[in-house]
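Peer 1: The lines below spell out each chain.
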Amino acid sequence: MIEFHDVTLGYPGSDLLTAVSMTLQPGSFHFLTGPSGAGKTSLIKLCYGELAPNGGRVEIFGQDSAAMSRDETARMRRRIGIVHQDCQFLDHLPLDENVALPLEVAGQKADPEALTELLSWVGLAAQARALPPSLSGGERQRAALARAVIMSPDMILADEPTGNVDWDMSLKILKLLAELNRMGKTVLMATHDLNLIRAAKGLTSARVLRIQGKRLQLAGSDL
Amino acid sequence: MSRLSILAPLFGGRTGADRVVPSTGPTALLTTLTAAAMAFLAVFALALSMATGRLADRWAGSLARSATIRISAPADQIDRQTAKVLEVLEQTPGVEFARATTPDETRKLLEPWLGPDLPVEDLPLPQLVEVTESEAGFDAEGLRLRLAAEAPGAVLDDHERWRAPLVALAERIRTIGLLSLALISGATAAMITLAAQAALAANGQVIRALRLIGAEDRYIARAFVRRFTLRTLAGALAGTFAGMLAIALMPAVAEEDGFLTGLGFLGLQWLWPLAIPALAAILAFAATRAAAFRVLRTVR
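Chains as they are written, first to last, in our numbering: chain A, 2 to 224; chain B, 1033 to 1332.
With the rest of the complex left out, here is chain A (with noise of 0.2 Å):
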């Protein structure tokens, strides 16, 4: 789905990651970690193809991501759903058509009952006319959730987002994910918090990748 062949990012002199070589699988979930810049998020970045990398070659559902053109990384974005840890909404419109923006983006109308029933399973039914400046870091995270899936996508690339919630909160996005990855999706988390990964476990099989010295380490087993 997502293959790394020898991947290097960063500056002339500088460079975040070295040498990165990976594949996720479908239906796989991947927990990625490492200290705070360590080159989390530009990893993910990588796999949506916001950033190219400088050496090396990253393929996208087979495709090169630097030989993709504007319109087809528009496009392979419609089959990966991403959500990040400072979820970018339209502030001036409702959450409901907030959600189904992609939708709208790739020319599809939306169901009303397919977004309410999303909304319930995100816990935002009440919520559905409410603008997301009105709406709490939570809430604001399992919007973003669900706009990343509204598209079935075939993959969910999630990066820290339980960074600005609580405990319970960082629960509930957890089972939600590992919910999205027993439907079929491949998923690749972000964090720092080895907690949540503890509790990842019963949940889902998942492995964990972290990025220590510029590398890309699998650490220890599945969970």
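Bear in mind the hints are in silico, worked out from the structure with no lab data behind them. Here the structure is a predicted model, which is why all the values come from computation and not from measurement. There's no promise every hint is true.
Incomplete in silico selection of chain A near chain B, CB under 7 Å [unchecked claim]:
id, residue
1, 51
2, 60
3, 75
4, 89
5, 93
6, 103
7, 106
Think of the CB as a built atom: it goes at the ideal place given N, C-alpha and C, for glycine as much as any other residue.
Use these hints to put chain B onto chain A, whose structure you have.
Peer 2: For chain B alone, coordinates are given in the frame of chain A:
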């Protein structure tokens, strides 16, 4: 994608792409007002250009076919020389009509300078002969030579000396009018580009969020292009009609060759200003589209 499909954003109802960009009140109003002001000025520049064009044509056309012969001679010779001049003119190919002015006409000519009670008969004034050329025109140099031989006091003035700079002046003013139109167009395009870039910069988060969820550049650009094109079109329509109204209501002083009183449009020329809103909309479309794609290229 066909070439015409890039115009698709302009037609049809409000699209989803329109909603993704928040309305920017002050920028919207400024764009519309500036477009209206520019269109208003463009109407006047166009009117100036057309009026001077007509003036140049009129001066060139009417004066080119007329000439004057001035006969300065002692009182006892003036009638004889006048008769000789008329005889020569009758025989000159290219002269359609010639006649000597009467003392009354001479008095009227001099009245603005010397008053109404001028004793024309007592003054040694030259006799004037009006000459109208045929389409083919006459040989001015040949006529001068014949007049010098037959009527030594006669001097031919074919108006060329003072007609040429006037026509050149009118032509120059027409060029300045057209240049003004070009400058107004350029300023409008620059203004819309700046406004569009400001709107794009102010909506950086929106653009990043849309790219993140898989929006293609043309989807994002569509919202900005449509909005700025329609705003400009609305402003330009208002400005154009205001300009046309102002010109239509301009006081009509009955001075046929007056310069400012001729400022305006005649007949089908009134259709020309209607091209201004269309041109403004095309400029806005092109300027916003270029600005949008330039900004979008900076966001992966």
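Peer 1: Hints first: check each against the structure and report whether it holds.
Peer 2: Hints and how they fare:
no.: 1; hint: 51; verdict: holds, 5 Å
no.: 2; hint: 60; verdict: violated, 17 Å
no.: 3; hint: 75; verdict: holds, 4 Å
no.: 4; hint: 89; verdict: holds, 4 Å
no.: 5; hint: 93; verdict: holds, 4 Å
no.: 6; hint: 103; verdict: holds, 4 Å
no.: 7; hint: 106; verdict: holds, 4 Å
Violation of the numbered hints given earlier is confined to hint 2; every other hint is satisfied by the structure.
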